[in-house]
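S.K.: These are the residues of each chain, in order.
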Amino acid sequence: MSAAGGVPGSGHEVPGGTWRGISFEDRMSTVEFRVGERAHITVDSDVCRSCTTKACVTACPANLFAPTSEGGILFNYEECFECGTCYMVCNHEGAITWTYPDGGLGVVFHHG
Amino acid sequence: MGKADVVPTPGVSSDTPAFDAVVVGAGPAGSATALALARAGRSVVLVERGPFPGSKNVYGGVVYGRVLDEVVPGWWNEVPVERWVVRRSTMMMTGTQSLAVDYRSAAWGEAPYNGMTTVRSRFDNWLATKAVEAGAQLVTSTVATGLLRDGHGRIVGVRTDRDQGELRANVVVACDGVNSLLAKEAGLMAPAEASHHTLGVKEVLDLPGHVIDERFGLRRDEGVDIEMLGCTRGIPGGGFLYTNSDTVSLGVVLSLPHLAEAKVRPEELIADLKNHPSVAPYLRGATLREYAAHLIPEGGYDTMPTMVTDGMLVAGDAAAMTLAAGLWLEGVNFAIGSGLAAGRAVDRAIAAGDCSAKGLASYRSDLEGQFVLADHKRFRKAPALVLSERIQQRYPGLICDLVDGMFTVTNPVPKPGGVRLTRSVAAKHGVKLRQLAADTVRALRVFG
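The listed protein sequences correspond, in order, to chains A and B. When the count follows this note's numbering, it moves up by one through the first sequence with no breaks and lands on 112 for the last residue. When the count follows this note's numbering, it moves up by one through the second sequence with no breaks and lands on 1448 for the last residue.
Derived from the structure by calculation, the hints contain no laboratory data. All figures in this text were calculated on a predicted structure; none of them were measured in a lab. For glycine and all other residues, C-beta sits at the position ideal for the given N, C-alpha and C. Hints are supplied without guarantee of correctness; some may be wrong.
Residues from chain A shown here face chain B by an in silico Cβ test under 8 Å; the list is partial [unchecked claim]:
no. : residue
1   : 23
2   : 35
3   : 58
4   : 83
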């Protein structure tokens, strides 16, 4: 199926600069995050440099993993769904250290 | 709901269990466990890492309430329901076609009902409140960070992220979800097995209730459940659409290793689905209320962890209880069923003074004797079949083209016979007739 464009009249036309009706920023702004000071997930970018797949970059539903120009990974924990996709698809031991945010913090779903 | 701010102080000495049981996770499994134990007169603390029960949880979804009949008689009069599912549709699609098998039942719209759509922040809270009313102590905003063990290595409680937050108990019941860090720490579950998991991504879309009624042919409180196959660009998985009161839940479920390999972003697949000619008219004008994602343990019976060890049981998603057997997609009912069984097993073990794996073993036999493991065992080969290449990538298009060939009028060319049509459509989709026959037999075996 083509990824381009929206269906006219569907309410999901593509306005300029956004991806099929809603920007990723707007998408994530619908989710409540109570951000803690501690990063509950850490990424060892040195390990990532030897990774050829970097599956986390596309698979993470919150789009928190960004490849750097040096071949590593830049990671931001703040808008994390705590789903576990990243460490499950990661095939490099030690690259991702995954825990939960502290009690009461992190994602809060209201319509889950 | 009362929100406890302080972790209860442990008993007189730090070696004495303060509770009969500590239950980790106030989802359906944990709250059912705590409810069963509290009703049996056992002291139980229910630890939830979110600010309220359900705040970390996401499902499609539908809750099938039969499992609640004995626990909360007349539950349908008080449960926070969105809509009662009276239409169940299974849709096979390509990018431009769809064939739906649509079942509707008036009986499903009347007590005692079959399935309901609900929102987890409300449903999970409701079930946790039942446990609290029965005497369980709910502690929210608290993470169980690890297991406590005695000198012999036996599990005797959990550490939490509260000050002096050790909780000692005769038994720990791990209902801590699909990533169960406790089951992994106890060595009962593999650290990361992507092939046993799918990723569910969901959009909850605002749409006025009367518009939902009109578009889906529903009366107030009636709901629809649409399951879709062939809408995920060949990534094993499927799509779903559920109607809530004033929102629609729409999303896709994707095999994790295949998603990773495909290098497609999950929200692109949701957008595909929203733009599909069979789906888009339902959603015209709908706006995004909340985006969500969660992992689902879809591997089935053969991928379940060891469920019992000395001083600990595992229930719900932590024990991979989600039934993903193609036509049947259930989870909350299995979580509740396993939680109730866990509560019964812990009660028996404490009564017998033996909380070792042997003393807790009745949990597994209880589950085998009822739907929780019987259904899983019956459909143990279903996840592999449902996610197989031909089912996922060839049959939806093949079936749509077969129907297209039957109903597209080609005058003046005469209609093709059924055999010739099937042969040519199968060939177009790279499927041999003997493969079709073999898969039919396999499906009958798997689901029979």
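S.K.: Are the hints correct? Go through all of them and say.
M.R.: Hint check results:
no. : hint : verdict
1   : 23   : violated, 11 Å
2   : 35   : violated, 13 Å
3   : 58   : holds, 5 Å
4   : 83   : holds, 5 Å
Violated hints, listed in ascending order, are 1 and 2; each of the other numbered hints is respected by the structure.
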